[in-house]
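Using the hints provided, position chain B relative to the given structure of chain V.
Protein sequences appear in the order of chains V and B.
Heads up: the first sequence begins at 1 in the working numbering, then just goes up one per residue.
Heads up: the second sequence begins at 1001 in the working numbering, then just goes up one per residue.
It should be emphasised that the hints constitute simulated quantities derived from the structure, not laboratory data.
By construction, the Cβ of each residue, glycine as well, lies at the ideal position given by its N, Cα and C atoms.
Heads up, a few of these hints could be off.
Using C-beta positions, here's what the derived DEER-type ranges look like [as the list claims (entries may be wrong)]:
| hint | chain 1 | residue 1 | chain 2 | residue 2 | range |
| --- | --- | --- | --- | --- | --- |
| 1 | B | Asp-1430 | V | Ser-97 | 45 to 51 Å |
| 2 | V | Met-51 | B | Gly-1105 | 23 to 29 Å |
| 3 | B | Glu-1261 | V | Pro-123 | 55 to 61 Å |
| 4 | B | Gly-1281 | V | Pro-42 | 53 to 59 Å |
| 5 | V | Pro-42 | B | Gly-1348 | 24 to 30 Å |
| 6 | B | Gly-1425 | V | Ser-380 | 36 to 42 Å |
| 7 | V | Met-51 | B | Ser-1380 | 39 to 45 Å |
| 8 | B | Pro-1309 | V | Ser-97 | 19 to 25 Å |
| 9 | V | Ser-97 | B | Gly-1105 | 42 to 48 Å |
| 10 | V | Ser-380 | B | Thr-1252 | 43 to 49 Å |
| 11 | V | Ile-253 | B | Arg-1113 | 30 to 36 Å |
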Amino acid sequence: MASSRGSTITATETVEREFTDGATAIVRGALAAGCDFFAGYPITPASSILMMMLQNLPARGGIGIQGEDEIASIGMCIGAAMTGSRVMTATSGPGISLYSENIGVAIMGEVPLVIVDVQRLGPSTGAATTTAQGDVQFVRWGTGGGYPVIALAPSTVTECYTLTMRAFDLAERFRCPVFVLVDKELALTMRTVDSGGFVDASVRDRPLVDLSDTAPPEEYRYEPAADVVPMQVYGGDHPVRFTGSTHDEQAFITKNPAVVGALNEHLIRKITDHVEEIAMVKTDMEECATTLLVSYGVTAGSMRDAVATARVAGTPVSALTVQSLWPVPDAAIRDAAAGIERVVVAELNPGLYAREIERVLPDVEVLGIARTDGRLIAPSELVALIK
Amino acid sequence: MTTPISIEPHPTLRNEKDYPFCPGCGHGSVLDSLNEAMVRLELEPHEVVIVSDIGCSGLSDQYFRTSAFHGLHGRSITYASGIKLARPDLTVIVIMGDGGTGIGGAHLLAAARRNIGITVLVLNNFNFGMTGGQHSTTTPEGFVTPTTPGGNLEHPLDIVATVGVNGAAYAHRGTNFDDDIADRMAEGISTDGFALLDVWDLCTAYFVPNNKFSRRKIDSTMKDLGLDSGVLYRQERPEFATEYRRQAAAHTAGLRVDVVEPAVSPTLERRFHFVVAGSAGGRVRSAARLVATAAMQAGWWSAQRDDYPITVKTGPSLSEVIISPEEVNYSGVDRPDVLVIVSEDGLGKSAAFLEKMTGEDTVFVAAGLALPDTAARVVSVDLAGAGRPIPSASRALAMVAHAVDRTGAVPFDRFETVAGQGAFGEKNLDLVAAGVALNEA
Chain V
1 MASSRGSTIT ATETVEREFT DGATAIVRGA LAAGCDFFAG YPITPASSIL MMMLQNLPAR
61 GGIGIQGEDE IASIGMCIGA AMTGSRVMTA TSGPGISLYS ENIGVAIMGE VPLVIVDVQR
121 LGPSTGAATT TAQGDVQFVR WGTGGGYPVI ALAPSTVTEC YTLTMRAFDL AERFRCPVFV
181 LVDKELALTM RTVDSGGFVD ASVRDRPLVD LSDTAPPEEY RYEPAADVVP MQVYGGDHPV
241 RFTGSTHDEQ AFITKNPAVV GALNEHLIRK ITDHVEEIAM VKTDMEECAT TLLVSYGVTA
301 GSMRDAVATA RVAGTPVSAL TVQSLWPVPD AAIRDAAAGI ERVVVAELNP GLYAREIERV
361 LPDVEVLGIA RTDGRLIAPS ELVALIK
Chain B
1001 MTTPISIEPH PTLRNEKDYP FCPGCGHGSV LDSLNEAMVR LELEPHEVVI VSDIGCSGLS
1061 DQYFRTSAFH GLHGRSITYA SGIKLARPDL TVIVIMGDGG TGIGGAHLLA AARRNIGITV
1121 LVLNNFNFGM TGGQHSTTTP EGFVTPTTPG GNLEHPLDIV ATVGVNGAAY AHRGTNFDDD
1181 IADRMAEGIS TDGFALLDVW DLCTAYFVPN NKFSRRKIDS TMKDLGLDSG VLYRQERPEF
1241 ATEYRRQAAA HTAGLRVDVV EPAVSPTLER RFHFVVAGSA GGRVRSAARL VATAAMQAGW
1301 WSAQRDDYPI TVKTGPSLSE VIISPEEVNY SGVDRPDVLV IVSEDGLGKS AAFLEKMTGE
1361 DTVFVAAGLA LPDTAARVVS VDLAGAGRPI PSASRALAMV AHAVDRTGAV PFDRFETVAG
1421 QGAFGEKNLD LVAAGVALNE A
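One chain only, chain B, in its complex shape:
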């Protein structure tokens, strides 16, 4: 007579350690159900990463033979997401408590919205069992904990609906007493997308004695809160890690690097500062960049330092270009040799410069701006006198071209060459010509 032998490779993914949970605590039975689900799915220990965080539920990973990650309170979903993104072939299961849905609420939302293919088990016992039974996001109103001595005043979080309306592929609510909880876990783990199971259980150390809570009261509380049990959300959405790879296959990108082979250059005697002060949206930075790259073409070294408010489309925009016979080590500009003031915003940023400038330096200022006293040579440029209107977004380039032409800050032919390059080349050259022709008041 022969006895049929089960050749299941892993009849259990539990290890030999006994659970540490309090008598009557539901966590052990939830973990048994998880084990049952994983065995049923024929998962091998090295194919599974159980990610836990802090609290009694955070002890869970230590009772399995699987890979494990035990991290910070409420952050298990972030580690799990990183693991899944990098290795989508791994089965990644988060075990967290209701506490983690508070401190880590942003991660819960993001994981559901991404529909990243991890499974989250929330061992939800309505309080912080490890630290003394304090109230959590899921403590129902009126229930007593050490931190809600008069009864909880906060509305409990509906975890399932929260992830459900935000894109989770699978969301289930049940209790550790349900007969089908292992089935549902297997379903969640098999889901190609974000799956969450909100599993209610009893904390016999705190929540039960503090509230005369019981198995029967779990059911009645759910009913009183108007919450359903069962699989409440199931939706087909692309899983994030897979979709990312699909999209990446069609992706090309490169880093923008301006490469210049410097020409044989005229000698530059000393470091030279060319500053453009204008308004956001006025293409101040791109005009200044033409000066900087023209200097490079001439064989010199340059640096460009931009300053702008954090709201990029309004207020002043300042670009300081340093042109130097050698590599620029110090990128500060105290005294410009040439200062181009394009607008009222730019004038507002120019006071300190104007104070330091001397008779050797030149200010090109848009006509009509009230320049304070300065020792610098002042050239008032009549933007209205170009024979055609120059729109505000083009004034910086026109004035910079004018200043380059008049001062020779960089060789004008180099400036023209770089201005004429790229998609806006033709338009730029037109503006450069208009700028050179501007009248000086």
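Chain V with its partners taken away, still in its complex shape:
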């Protein structure tokens, strides 16, 4: 059967296998999720997402724009989100540095915003075309104040699609920045993919305050702290205020400790009270295994091969793929570690997520494979550590 080149595939079309990559899957996921505004700045290895979004949004009635820099790109996304647009931007680690201050704006102003980070080897300019997973802590702590965000890490091409859709859904649900963390290898390596894996997730509508009503809308509120209130967006029949400064419930600047305390507690608890709802992991457990392999993103692929190899050799082993890196799915990690004597965490960075595993599992030996030379972790390296 001939391959069809340059054709547009919709999720409903029945096809068997495709030769595609994670970046394309992210774009398809974003479009399927109803993303109608994208702004970004060219950076390897995230540029193909920028180009595909700018080439595909206009025909769908959306807006795609290349900003003059990363700061403008995320700024335009935040502005557009405040009109009700479903927005996404994509960059790599150096670009996240430039997004940093505006990530805080999106947290403070409770803006639904999907940020794709196609990680490359750092620090600094590092190696633009070399893969890494070095931003897993950075996206969580990359803006001042320490307030929580959500970060998802697909580990296959089709998960790039489904988790991007999930990211949009979580952004609508929790009104906050949601990161999709991939890397050069997952984003740009072409792979044969089973088309059946491109499964549409439902993406909820943005809960909006009805501003077409004649009565002025109810005030924006912070309590109960864990609740996420419907959003007010520009363009209705009532004015809407937004501020990145500490503010009262009418978005006027205030330093009143009671008001500011309630606001900031709300920004924390709307995430931390819903960790279970956000948590996404994949487990592959084997009875009588004493070693648990833990990984995420592209390295989880090596882990899958390692598990298969070990089991063929008769060595029992269990595996945990963490898909929702932030907030850390503590309970799911603890569940997976039941009866386990040691955990091996494989990641392409200096051991950044292993510290979360150590925190969650203080009584278990945690071993890290922390690679920073740009190469993938080979399955054989993991097999060697399974006891």
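Below, chain B alone, put in the same frame as chain V:
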């Protein structure tokens, strides 16, 4: 007797709050003029978004009944652009200080070049009034601030000319003392395109005491700097958000996705690595892709990992194709089963592979390249012996075809099928035939 009643819906877009500005500060009067302009244009509060950023001017949005966005220092233009792009029907007005023209200078330039339909009011008082009177982009040379104790050494920014020569539809310079400033603001807001008003005023907390500055000195300074006042730029250019939509209407696009319905396939015993090492511009990646898609046609799974320097038209180009009986989880290649070395650049990327390859593996190398010692079986392919010259951009495909034919890495008929598809199909098949016929030295 009846009294005529004005039925103007909004006699003011100000709210009930008093301005917070210092005595003698010009900002309040600028905001009053803005209110006057908006009332005159009969704008409703929900139709206007006032976007502010940081500094004393950044407080401004809180004194209006309109929609408001208060963001980061110097970034107001970016939020405003996003709002306008998504909702061109809204009136979007940026209020920023002279400080923002420094830290946000790139946004000022970009907004003017795009001619995006927002109006920017620069409340320009020549210093950072909120943080202690430090010098800004517009502090004139010689003027004293806490950060220029010996007098400013930097040339002041001509904001109006900067946006004017870069495509702004409307640019005006004036002071808050001008009688016509509300008229000009109304003109700017009504402009279909990027409008900027550089409004000079007094910072009585710092700039006035530090420089014995005054209303009269505003005028003389403007003259000394050789700057004119008034509407200095007016130009007809398409407004960006409107033009974008006009262009989008004619736009069609699709994502490239190669779809393959796999055929009933011969059994593949194990994972197989096929690596092509050549030069940028040598169509290494497209040749490798034919191997990967041929494998898919055979019913197998594949992955293709490309490596190249950031300057894409020079230096080496490496494509690693993995062919597997099952889905490829790990896309690393340590030891190729087949390595095709097309050029000197490719040879340079092959050392680690050659070291790991064994007698079960095969290297196809362009004749004339000095291959280091390797345990692999070496096949030297004579590109010059094809009876006709094979240009450098075609060598990768010719050699890959040769290697596929000799090793059966993928079924040759599948390879031929995919090579023959698309706009270059005929040319490809010609090269494939030439490649198969190449002599081995």
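Checked hints:
1. B:Asp-1430 x V:Ser-97: 45 to 51 Å: holds, 50 Å
2. V:Met-51 x B:Gly-1105: 23 to 29 Å: holds, 27 Å
3. B:Glu-1261 x V:Pro-123: 55 to 61 Å: violated, 45 Å
4. B:Gly-1281 x V:Pro-42: 53 to 59 Å: Since the Cβ atoms of Gly-1281 (chain B) and Pro-42 (chain V) sit about 21 Å apart, the hinted range of 53 to 59 Å is violated.
5. V:Pro-42 x B:Gly-1348: 24 to 30 Å: At 28 Å between Cβs, range holds.
6. B:Gly-1425 x V:Ser-380: 36 to 42 Å: holds, 40 Å
7. V:Met-51 x B:Ser-1380: 39 to 45 Å: The hint (39 to 45 Å, Cβ to Cβ) holds, given that Met-51 (chain V) and Ser-1380 (chain B) are roughly 40 Å apart.
8. B:Pro-1309 x V:Ser-97: 19 to 25 Å: Distance hint for Pro-1309 (chain B), Ser-97 (chain V) holds at roughly 23 Å.
9. V:Ser-97 x B:Gly-1105: 42 to 48 Å: violated, 19 Å
10. V:Ser-380 x B:Thr-1252: 43 to 49 Å: Hint holds: Cβ distance 47 Å, inside 43 to 49 Å.
11. V:Ile-253 x B:Arg-1113: 30 to 36 Å: holds, 33 Å
Consistency with the previously given hints fails for numbers 3, 4 and 9, ordered from lowest to highest.
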